[in-house]
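> Sequence:
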Amino acid sequence: MASFHVRSISLPTGSHPLAASVDEQLSRLRISLETSTSSSSVLCHKLDGLRKLYECVDDLLQLPLTQQHLSNESLDDVLNGSIRILDMCDISRDVLSQMKECQQDLESSLRRKSGNDNEAVCAYMTSRKKISKIVSKSLKNLKRSETKSAKSDQDSTIKMLKESEEMSLAVFESFFSLISQSKTNNGWSSVCKLFKPKRVSCESLSRQSDDLNSSIQELEQNLECLYRRLVKTRVSLLNILNN
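Mapped onto the working numbering, the consecutive letters of the sequence shown carry residue numbers 9 to 251.
Hints are not guaranteed to be accurate.
Stated by the list, open to error - Think about it this way: if two alpha-carbon atoms lie no more than 27 Å apart in a straight line, the pair counts; the simulated DSSO-like pairs of lysine-lysine are:
| no. | residue 1 | residue 2 |
| --- | --- | --- |
| 1 | Lys167 | Lys60 |
| 2 | Lys148 | Lys108 |
| 3 | Lys138 | Lys108 |
| 4 | Lys240 | Lys167 |
| 5 | Lys151 | Lys137 |
| 6 | Lys60 | Lys240 |
| 7 | Lys151 | Lys138 |
| 8 | Lys137 | Lys108 |
| 9 | Lys148 | Lys138 |
| 10 | Lys167 | Lys108 |
| 11 | Lys60 | Lys151 |
| 12 | Lys137 | Lys148 |
| 13 | Lys141 | Lys151 |
| 14 | Lys148 | Lys167 |
| 15 | Lys167 | Lys151 |
Hints are computed from structural coordinates only; laboratory data are not their basis.
On a predicted model such as this, the values are computed, not experimentally measured, just so you know.
Please model the entire structure based on the sequences and the hints provided.
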């Protein structure tokens with residue numbers, strides 16, 4: 009599980025059914041975060057759970073009663089957090105895009121059959137090292153991040169938004185941890201095996217391409233859906249602030 013400490017909160021579910029929906033999604037995601045991210049499919053499940061959470065959050069933010077209880081001061085802090093989450097999501101998308109580009113370059117080299125296997129693999133690994141540096145830096149930044157906890161006397165919606173932020177950072181830490189770790193299971197193992205191979209033949213890399221491309225595509229789709237949802241939620245927060 010990610011190193012972020014995700015607190016459990018209880019929203020006033022009796023006030024509106026949407027509050028109960030948010031609380032349910034928080035509970036589901038909290039359980040999901042307790043599961044080790046050992047494959048791309050597990051990570052996709054967490055990303056989709058995060059998307060569903062923010063879908064419910066955005067619905068709750070549309071309620072006039074919710075908007076009336078949110079102060080500009082509390083919203084400023086939440087908006088700062090939303091920028092950080094969007095940045096992490098954008099970096100994650102960029103990492104996958106670069107990974108896909110590396111893979112396509114390698115496949116192109118293999119199709120040309122130049123006869124120089126070492127040259128193709130070395131070029132591939134040079135690109136992968138650049139990606140690894142981005143992942144390592146992002147992971148360190150996440151581990152240094154500290155989300156300010158909501159005060160006990162703050163509105164329950166603010167508490168919910170702060171916990172959603174904490175969970176978001178924990179999910180992205182899972183993303184970067186999966187890519188950077190040395191050993192994994194299932195189809196995603198090809199990602200990590202390609203980071204530090206001692207001797208890898210082009211034939212071996214070619215056999216892993218299909219699984220790798222499938223994993224990248226699945227993650228890209230989930231990140232894209234999540235990114236669009238995060239943008240919508242930020243727009244809702246800005247609208248409340250400006251009204």
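> Each of the hints needs a verdict: does it hold here or not?
Hint by hint, here is what the structure shows:
1. For the proposed pair Lys167 and Lys60, the alpha carbon gap of about 18 Å is at most 27 Å, so the pair holds.
2. Of the pairs offered as hints, the one joining Lys148 and Lys108 holds, with about 23 Å between alpha carbons and a cut-off of 27 Å not exceeded.
3. Pair hint Lys138 plus Lys108 holds up; C-alpha atoms about 13 Å apart against a cutoff of 27 Å.
4. Of the pairs offered as hints, the one joining Lys240 and Lys167 holds, with about 20 Å between alpha carbons and a cut-off of 27 Å not exceeded.
5. Under the criterion of a C-alpha separation no larger than 27 Å, the hint pairing Lys151 with Lys137 is consistent with the structure, at around 21 Å.
6. Restraint check: the Cα-Cα separation between Lys60 and Lys240 comes to about 13 Å, which is no more than 27 Å; the hinted pair holds.
7. Note on Lys151 and Lys138: the hinted pairing holds, with a Cα-Cα distance of about 20 Å set against a maximum of 27 Å.
8. The straight-line distance between the Cα atoms of Lys137 and Lys108 is roughly 14 Å, inside the 27 Å bound, and the hint therefore holds.
9. Taking the CA atoms of Lys148 and Lys138, the gap is about 16 Å. The hint holds against a cut of 27 Å.
10. Under the criterion of a C-alpha separation no larger than 27 Å, the hint pairing Lys167 with Lys108 is inconsistent with the structure, at around 38 Å.
11. For the proposed pair Lys60 and Lys151, the alpha carbon gap of about 25 Å is at most 27 Å, so the pair holds.
12. Annotation: proposed proximity of Lys137 to Lys148 holds, straight-line Cα distance about 16 Å (limit 27 Å).
13. Proposed proximity of Lys141 and Lys151 is supported: the alpha carbons are some 15 Å apart, at most 27 Å.
14. A distance of roughly 26 Å separates the Cα atoms of Lys148 and Lys167; the hinted pair therefore holds under the 27 Å criterion.
15. About 21 Å separates the Cα atoms of Lys167 and Lys151, which keeps this hinted pair within 27 Å; it holds.
Violated hint for the displayed structure: number 10, the only one.
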